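Protein chains in written order, with the numbering used here: chain A, 565 to 1113; chain B, 154 to 230.
These are calculated hints, taken from the structure and not from any lab test.
Please read all numbers here as calculations on a predicted model, not as lab measurements.
Glycine included, every Cβ here is placed at the ideal spot set by N, Cα and C.
Where hints are given, some of them may not hold.
Quick list of the computed label-pair ranges, beta carbon to beta carbon [unchecked claim]:
no., chain 1, residue 1, chain 2, residue 2, range
1, B, Asp155, A, Lys719, 25 to 33 Å
2, A, Glu1070, B, Lys160, 47 to 55 Å
3, A, Val623, B, Ile163, 45 to 53 Å
4, B, Lys160, A, Cys650, 56 to 64 Å
5, B, Asp155, A, Thr633, 37 to 45 Å
6, A, Val623, B, Asp155, 33 to 41 Å
7, B, Asp155, A, Tyr713, 55 to 63 Å
8, A, Pro688, B, Val204, 33 to 41 Å
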Amino acid sequence: PCSEPANPCCSISYAYLVLDEAEGRFFSFWLVNHIVHNGGLYKRPFNEAFEETPMLVAVLTYVGYGVLTLFGYLRDFMRQWKIEKCQNATEREEQKDFVPLYQDFENFYTRNLYMRIRDSWNRPICSVPGAKVDMMERVSHDYNWTFTYTGRVIKDIINMGSYNYLGFAQKAGTCQEAAAKVLSQYGAGVCSTRQEMGNLDKHEELEKLVARFLGVESAMAYGMGFATNSMNIPALVGKGCLILSDELNHASLVLGARLSGATIRIFKHNNMQSLEKLLKDAIVHGQPRTRRPWKKILILVEGIYSMEGSIVRLPEVIALKKKYKSYLYLDEAHSIGALGPSGRGVVDYFGLNPEDVDIMMGTFTKSFGAAGGYIGGKKELIDYLRTYSHSAVYATSMSPPVVEQIITSVKCIMGEDGTTVGKARVQQLAENTRYFRRRLKEMGFIIYGNEDSPVVPLMLYMPAKIGAFGREMLKRNIGVVVVGFPATPIIESRARFCLSAAHTKEMLDRALKEIDEVGDLLQLKYSRHRLVPLLDRPFDETTYEETED
Amino acid sequence: MDIKHVKDYIYWLYYQYLLITCSYVLEPWERSMFHTITVTVFAMVVYTAYVFVPIHIRLAFEFFSQLFEGQPESTVS
């Protein structure tokens, strides 16, 4: 990385000539790549694409939602006039004249769409969520308001939904044996918080190991990943500080930012011009009324955004952070263990210095097969957090077998257990990612996100296809996670595949064959092989106006 | 064998119609209501087109040809 980031968003565009099969003619498109230019901020090509929604599909999606809304009104009318029994929560008769407890209209979407396709979510699994999983079969006789179990267990479903990136969710192996040994030694519960009597030697060992793994001075581990974000951001910033948060940040980051009481400003997703504009405005104008300088400016970004599959532009963010003297909080929930040649996350992926990121946060839930979160950084920061973080003071400490699972898996990834299993897993995940994404794109689906991200969102768009996709894939013994509103924008519903190092090529081939079949059955192959060039361009005066709208 | 292909294809088209209009998620009585309304509206559109469109086309054709006929040779040639 250059020391003088004069132009952090410089890029080279390449023109490609592609045959569009659908229309049978050649057309050209620009693929914007940040390749060695201007001091070499990026050491590798950054391929991210978000294909535009086809116009006809968008119109038909709105038509579908229109039909559902009309039928929703009809059913609500029937429920209110007691023509039909109301099966969701209502107040008792005596309380009808009081202030309403259940906000009826807000739950309109839940009552009238979510309930109809609810069988694709909350499916009960009954084995370890590895590459294959067993699921309890359930049926509903009243259109998903209640479920009953048939008693049958569907075995060996290929699991494309668990965040099992390195395949450590296993019930046999070194991690499991070590965890079982620690369980017989320490028991399962800790019965105290970290500050009182819950600080085990295992926790200290874990924190030293995590600090060494990340390349930072010191680290601290917490019992819950969501609580790590939401309880520690208030300890770091307060009133009079500014938080610049990405548009698509996770709910834990948003909650932590709101709880802190700082001013929050949002920049467009992964858009460095938008971020730079906000930084400049913040430094030039200061706080809103008093014009005093901000006490702290904190930039909140994630390593991999799990709904889009996009990777943060870390070299540019760090260049901007250094130029404007602000702090960076990087949430590596999905990218730790999953990116980078040695599995050390997005910092390793770009080849940057971990000391440039002020606060490195991550979770142990995804790649390490355990539960919990960590924060890494300078020693003074972590010592401060040990005293002032809500999680440290009030939350119960991590359970010892879980800590041992993390220790064993981190050692495995680093190669310190004497085998090359960790390295093999990281490489297998990278290969699986590239293969899976390439094959899906060739089939003609619209896939969002970066080429190297193991989170693969496949666009569905229409609400009926959300339920249909989930059910058809389960019929073919493949478990997928489908996502709709409100986790995504209303017309951009998607199916999200999470790849794993535990998936063999045969499993991926079988999954791809079934996805191909279901894609033809449901007509999901919307792609017209036209990539929208990324919004960033060489920085000039006109880019300000375009980010205004 | 061909009949089976045709029947499967028609069923597949019906499935696409159900998915696009979101009647796939509706309960059976709602689906019947929706089909009735759709078929009625579609039938009305077809009937209106059948009755009125040829007449309008003929009138438009007469209007434009009369416009061109009505112009004598005084147009600059």
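Worksheet item: What hint numbers does the structure not satisfy?
Response: 1, 2, 3, 4, 7 and 8
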